[in-house]
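Here's the letter readout for the chains.
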Amino acid sequence: MASNPNDPPRLTRWLLSSCSPAADRLFLDGDFEEIYHALVAEKGRQAARRWFRLQCLHSLPQIAGHAIAWRFVMLKNFLKIAIRNLKRQWLTSIINIVGLSVGFAVVLLIVLFVRSELAYDAFHAGASRIYRLNTHLGFSERNVRQAVVAPAVAPALRAACPEIEAVARLFIEMNPLTVSAADRKFTEKRFFYTEPEFFDVFSFPLIAGDRRTALSEPYSLVLTQSTARKYFPRQDPIGKVLTVSSGRRTADYTIRGIAADVPVESHFHFDFLAPFSDHELSRVDNWFLQAGRAYVLLREGASPAALEAKFPPLVEAGARSNFGSVENFRNWKAEGNVFEIFLQPLMDIHLRSEGLGAQIEPNGDIAEVWIFSAIALVVLLAAVFNFINLTTSRSLLRAHEVGVRKTVGSTRSLLVRQFLTESLLVSFAALGLSFLPVLIFIPGLNAMIGRSLSIAGLLSWPILPSIVCGVGLVGLAAGAYPALCLASFRPSQVLRGRIDPSRRSRLRNGLVVFQFALSILLFVVTFIVARQLRYVRAKDLGFDKDRLLAVAASPALSGRFEAFKAELLKRPGILAVARSAYLPGRFLPAEDYADAQGGKDTRINLSLMAGDEEFMNALGLRLATGRFFAPGGTADNDAFVLNEEAARRLTSAFGWTDPIGKSITNGRETQTIIGVLKDFHYQSLHRTIHPLAISLLPPKEGPFVVVRTDPGNREETVLGLKQAWEAFVPNQPFEPFFFGEEIEKLYQSERRTASLLAAFSAFAVFLGCLGLFGLASFTAERRTKEIGVRKVFGASERELVVMLLRQSGQWVLAANLIAWPVGFFVMKRWLQNFAYRAGLSPWPFLAAGVLVFVLACLAAGGKAIQAASANPVNSLRYE
Amino acid sequence: MKYPTKKEELLLLAVLRLRNQASLVSIRKLLSESTGENWSVGNVYVALDNLLKAGYLEAFVGEPRAKRGGKAVKYYRLTEEGFKALAEIKKVHDIMWQAFSVPVSEES
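Protein chains in written order, with the numbering used here: chain A, 1 to 879; chain B, 880 to 987.
Hints listed in this document are in silico derivations from the structure and should not be mistaken for laboratory results.
Check the hints yourself; a few may be wrong.
Stated by the list, open to error - Covered, in the sense of this in silico footprint (three residues per stretch, anywhere, with C-beta under 8 Å from a C-beta of chain B), are these stretches of chain A: (1) 27-35; (2) 54-64.
Claimed, not checked - With a straight-line cut-off of 30 Å between C-alpha atoms, the simulated DSS-like cross-links for lysine-lysine are: (3) B:Lys908 x A:Lys43; (4) B:Lys908 x A:Lys76; (5) A:Lys43 x B:Lys886.
Unchecked claim - Stretch-level coverage of chain B by chain A, calculated; a stretch enters the list once three of its residues show a Cβ under 8 Å from a Cβ in chain A: (6) 919-928; (7) 947-953; (8) 957-968.
Glycine is no exception: its CB is placed at the ideal position from the N, C-alpha and C atoms.
Make the full structure from the sequences, and use the hints.
Below, the structure is given as structure tokens:
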């Protein structure tokens, strides 16, 4: 539009009209224009234009202020009517608010959990530049990627690659250390050897001491705050001395720094930091040593891919000491063997370490984050669907209100705004209420998943505004459907009572069926997981896990084991004592063995276990053929006892008829097979039984003492054991391992999944029933008259209840048809995690279906019975 | 609504006086001329809209006119409530003004 010189200034005009209330916008614009033209005629164009522009000061503030003030008056009005409506339909309102708040609570808890998972290791200043060095080692049957790298690797890489700014090696002793101050002594597992540069790579804050020099002197020590308090309550620990003994060596360390406790959201947690250079392993030049870890900090802007590309020649140079020459190493690799060093971003460690062995601590799983996010979404949807369902069905009762309002001149947009105000009000009330269950459930959730989530996480910067926006969106979305369909009722039809309630019912039914399908699915999953866990617990492992316990052998016991054993056997309830290198769930070494006599080149990988001659009796293992190690002496030093799986594999591979008396070799040593044990599950039931060879522990050696107890009085037995221990090993605390508990730990993640699932299924079915209850009471109300008429004509109460419940029954049946196949496929996949599993039986499916059906009937039944038993005289008079 | 302010009183009287021609523009002109002060458009509009929402005035829409850029005029007229309010004001005024008389000049 070309600017007409006679028109008022356009910018001012636009400003004025955009600030005017919508209803008067055109009139005001016309008024201004009229006055402007009059002024042009009277005083000329210049004066008129000046006057018009000045209206920005003279008129605009008043008009705009007035417009805004009226908005508020309208909003107050909307709210007043909304609260009045909510009070009138109090049952629906309560169901809506409680349902939504339960949904929100679940979502908030999951948000807390997911946020904590995603925040792992993010607190380091250079988190995006820190990488962990991992090793990929593959030869013969074994192919492992491990979060482990030999101590010699990191310094060599650093010397050769300028893009590495700093390196921190970590080394954690496998066996616990004993740390003692003047007056107290503890066994410590989180004693980390590292380098002075540790604090350049990681930004763990120091409370006392200097970051640069805390670890630079030999035998200096950094403690976390709570560890310092443990050893030196009410004293300044700086400069104090702690004696650290690892069995082989003992050293005095001087404390030079106190670090803040390591946050939960770190993928490793140390209690002590000591210089690695004091440890003999730090100087071993063997790139194949599978011990120690290393982290590198890259320079700003350096590319990890470019750095990784520099590794292969360095690895070849490093492997030379093992292979003699680079040529030999290349040939070895050409045979299909693998030895590689690769980088993993620090932020990926917690969630994306799938397939990486030898982690410092168990990690999270990105799949879990996805699954829980999906559950949050689904529960939220269920809650919102309930809300939509109830509001829409209730809306039929409000059709008259809408009709009347429309007739007296309410516009459609006013009506929509009124309904949206109501649904937003409900949403925010629900949000407020949902903090209550969150507060109640946080401690339980923390106990379940071993975290320390706190509600403060929800009130932090990006989370709280997102929650408020999200709840606003939920309110708008949930309110939009009923608002739009209510506002579009035509008053003429509504007021004549002609509105077809079945028109919207297909969507409504779909939503209800979806909710029940979800509940049934969650129950099916929960039942099957619980069934598998029961199976795992009840499965005969081939040894008596519940009668076994072990203690870690101490250097104080060496040479006195026989006396200790004799002392133990004197005590009540102790049946057998053996030395062992095995504890359930601990790492077992494995090696490849070939036939010592045969020319065949076949090799079989055997897991290696060691025990003394009492080992079989103590564990309660059963012999299949041959014999176990002979007591007393070293006659069987070169003997192997196999499990049946190993015997089977070896006989078929080497073409033997009987394995007893045959010899096998790993290239260095040759062992003769003297016996075969029946298979037992020495590993978790996730894996099939691997071929196993047991060798005789040399006298005096063995990391664990295994004790077989009488199942009778366990407490007394343990007490006896403790007394004997204290008599023999006075300076080391008594810390028994119970085999049953150690085995339970193997299924920790499954148990966690099971309890979380149980909780969420309870939530989902609660929401479903809440929704059904609302719908049922609505249906009963709507059909009051019909029920009255049926009753007058002789229908019995029972028939009426059945009639009212029939619909709920149909919904649950339809939901089963959806949930069963989904549950079947999902659980089939899940069960494949276990080599030994309870079969998929129909019972969990039927049980879930029946349970949900019964709950649905209970939810709908009360109202149905009430409606059916009402006196028809009253119900027929209800209009 | 509470007792009308002087401004509202003037506006109601202006609407009454202008009969069927009481638009924002004409009301503003009348007020500016009779009081000798400049009444801004925003001032008059807000006061009129408040009276409208209080129910003292009602609005009706006139014909579009060329000098307004083809836009219609919004006319105001008194409602019964508005009349009652003016009557009340007049009653109060009459009572309150009784004590007042213009002093007779000595010379005249």
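The hints, checked one at a time:
Given as covered by chain B, the stretch 27-35 of chain A passes the check, having 9 residues with a CB less than 8 Å from a CB of that chain where 3 are the minimum. Given a C-beta distance limit of less than 8 Å, the hint that chain B covers the stretch 54-64 of chain A holds, as 7 residues qualify and 3 suffice. Of the pairs offered as hints, the one joining B:Lys908 and A:Lys43 holds, with about 16 Å between alpha carbons and a cut-off of 30 Å not exceeded. With a C-alpha separation of about 36 Å, the suggested pairing of B:Lys908 with A:Lys76 is violated against the 30 Å cut-off.
Straight-line distance between C-alpha atoms of A:Lys43 and B:Lys886 comes to about 28 Å, which keeps the hinted pair within the 30 Å bound. Note: the stretch 919-928 of chain B has 7 residues with beta-carbon separation from chain A under 8 Å; the three-residue rule is met and the coverage holds. With 6 residues having a Cβ less than 8 Å from any Cβ of chain A, the stretch 947-953 of chain B passes the three-residue criterion, so the hint holds. With 0 residues having a Cβ less than 8 Å from any Cβ of chain A, the stretch 957-968 of chain B misses the three-residue criterion, and the hint is violated.
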